[in-house]
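Undergrad: Residue strings, one per chain:
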Amino acid sequence: MYLQNIKDQKLNLMTKIRIVLFALLCVTLTNCKTEKHKFPIDKRYWDLNDYDKVVLELNYGYKADEKLPAFRDPETRIIVEKLTDQQNFNIVLDDNELGLKHRNEVAEKFFSEWKDMNNIYDALDRKDKYLYDKEMLAVWHFGLELQLKYFKLGNDQIKKNADDPNSSSVKNNVNTNVSTLITNYLIYLSEINNEKAFTEDGKVKFADGIDQYFTALIEHYPDADYSGMKNKAELMLKKSESDKIKSSLNKLIELIASKKETKNN
Amino acid sequence: MDILSCLYFGCMGVAGYYDQPKKMNDYLILTLIFLVYFSPVFYHLYLAIKESNGGNKIPLKKFKKFLKYSIAVIIPIIIGFGILTHTNFLNYERPFTFDKYNQITFENFRGLEFFKKSLYGNERFAYVVTSIESEINHNSVTVQSLFYPSRSFVYKKNTNNIELLTHEKYHIKITELFARKAKEQISKLNRFEKDKIQGIIRETEKEEREFQREYDYNTFHSYVLSEQKRYEKKVDSLLNVLTEYKRPKIEFNDKN
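Going down the list, the sequences are from chains A and B.
Residues in the first sequence are numbered from 119 upward in steps of one, following the numbering used here.
Residues in the second sequence are numbered from 2 upward in steps of one, following the numbering used here.
Isolated chain A, as found in the complex (with noise of 0.2 Å):
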């Protein structure tokens, strides 16, 4: 009777340092926070890799509800900034050290990150207006400013490795280049078809990427045949309601108009 009590005593106390154990384990790892999102917004410049991460975080990592990074929110408002400083590719881009194979891959590889980009910010609510307008035209500003740069270099890379960088067959093919990047750059125009899903602070912004954009494309290919953005522009002309994107276009158009006159002068 006496073994026997022992033997209960031991296997009770047994099952309560099994408990114990147990107890502190799911201590320890409910103590261990893991951050629900993580972005390396200590590094100075974000490089391919924390693009695809990033990137990959912020199109599939956010339940359809759960709030996205944005420049209202003073505690993500840094990963936004992060995310669509140019300075993360210019670094890279501008860096006459590094090859032009090397940095036309770089300039490659952003902007396959930039289109993915582009699906970040793109939601709308039940008034069809944009829910992050402001994130999702710094996010435009990103690529096209990226995009000016990746199709210098690539063109650079063209009469670079060219027998005769004067043959009609490497202008043209630079020439192809130029309306490509024009075409794509026409794409910003389009979303004054959308004009009323922008808050006005949106628009200003809008605004403002025709000014610093378009006009930076224009400036550096300037015998280029921008026929086609100039009607693109006057049409929107008539659509926008918008006084500061009216007054943008206006200048767009005149830019080009100017631009012609020299040329043909």
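There are no misleading hints in this set.
Below, in silico cross-link-like pairs of lysine-lysine (DSSO-like), each with a Cα-Cα straight-line distance of 30 Å or less: (1) A:K171 <-> B:K157; (2) A:K357 <-> A:K314; (3) B:K157 <-> B:K170; (4) A:K171 <-> A:K161; (5) A:K227 <-> A:K267; (6) B:K234 <-> A:K161; (7) A:K356 <-> A:K369; (8) B:K230 <-> A:K270; (9) A:K219 <-> B:K230; (10) B:K230 <-> A:K227; (11) A:K161 <-> B:K230; (12) B:K189 <-> B:K207; (13) B:K118 <-> A:K227.
Covered stretches of chain A (chain B as the covering partner; in silico rule of three or more C-beta atoms under 8 Å from a C-beta of chain B): (14) 155-166; (15) 205-217.
Rather than coming from a laboratory, the hints here were simulated on the basis of the structure.
For each residue, glycine too, the CB sits at the ideal point set by N, CA and C.
Given the coordinates of chain A, work out where chain B should sit on it, guided by the hints.
TA: Below, chain B alone, put in the same frame as chain A:
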């Protein structure tokens, strides 16, 4: 490649679902090791508390014995681990003076790294440990830069990452540059003054650390190649200017 990418939405790829792997926290691993290692101690502690009410002192003695042996075993392990993290004595190589600079390759980076797995998410990283060593004698001062192979680390010894090696080796050059700067200032002293010499060395060490940080920040650990090249030119040119302070020893005999 002739024609660049077409309209951006025309080239859209299909991305799969991305499930970010959850890395196990280092603290969690350490806590688990601690718990498992000390589990017999906890067991005997529990027994001791339980039995102490009945006046049974044997479990308490057993607990103390287990605790003593557990600590006696873990402390040398922790110390050994700490020593190896600081300097890899299992693969030791004496510190290099600057005259052996050209012989340095990643083969000389013999340090062990148990904790740091990446630098800004990049697993291909290295670090170098250098110092300005000084010895003040009766009428002479020896100042020289040292590179510590057994404290310097590279993720893979046979890597052919020349840019990374160049970046790390310029850290060594920067240390040498500041050692020469210190010798330049010491040489300009009118007489041997130990306090002033110590002050110069301390100040130079501070400036050197600041410059090393600035070098890493501006080159972003060699990522920004144009900045890397700018620093290389600057450091090489300054080292050339201070060539006369190449010798480690400064004698004060003729000045007294």
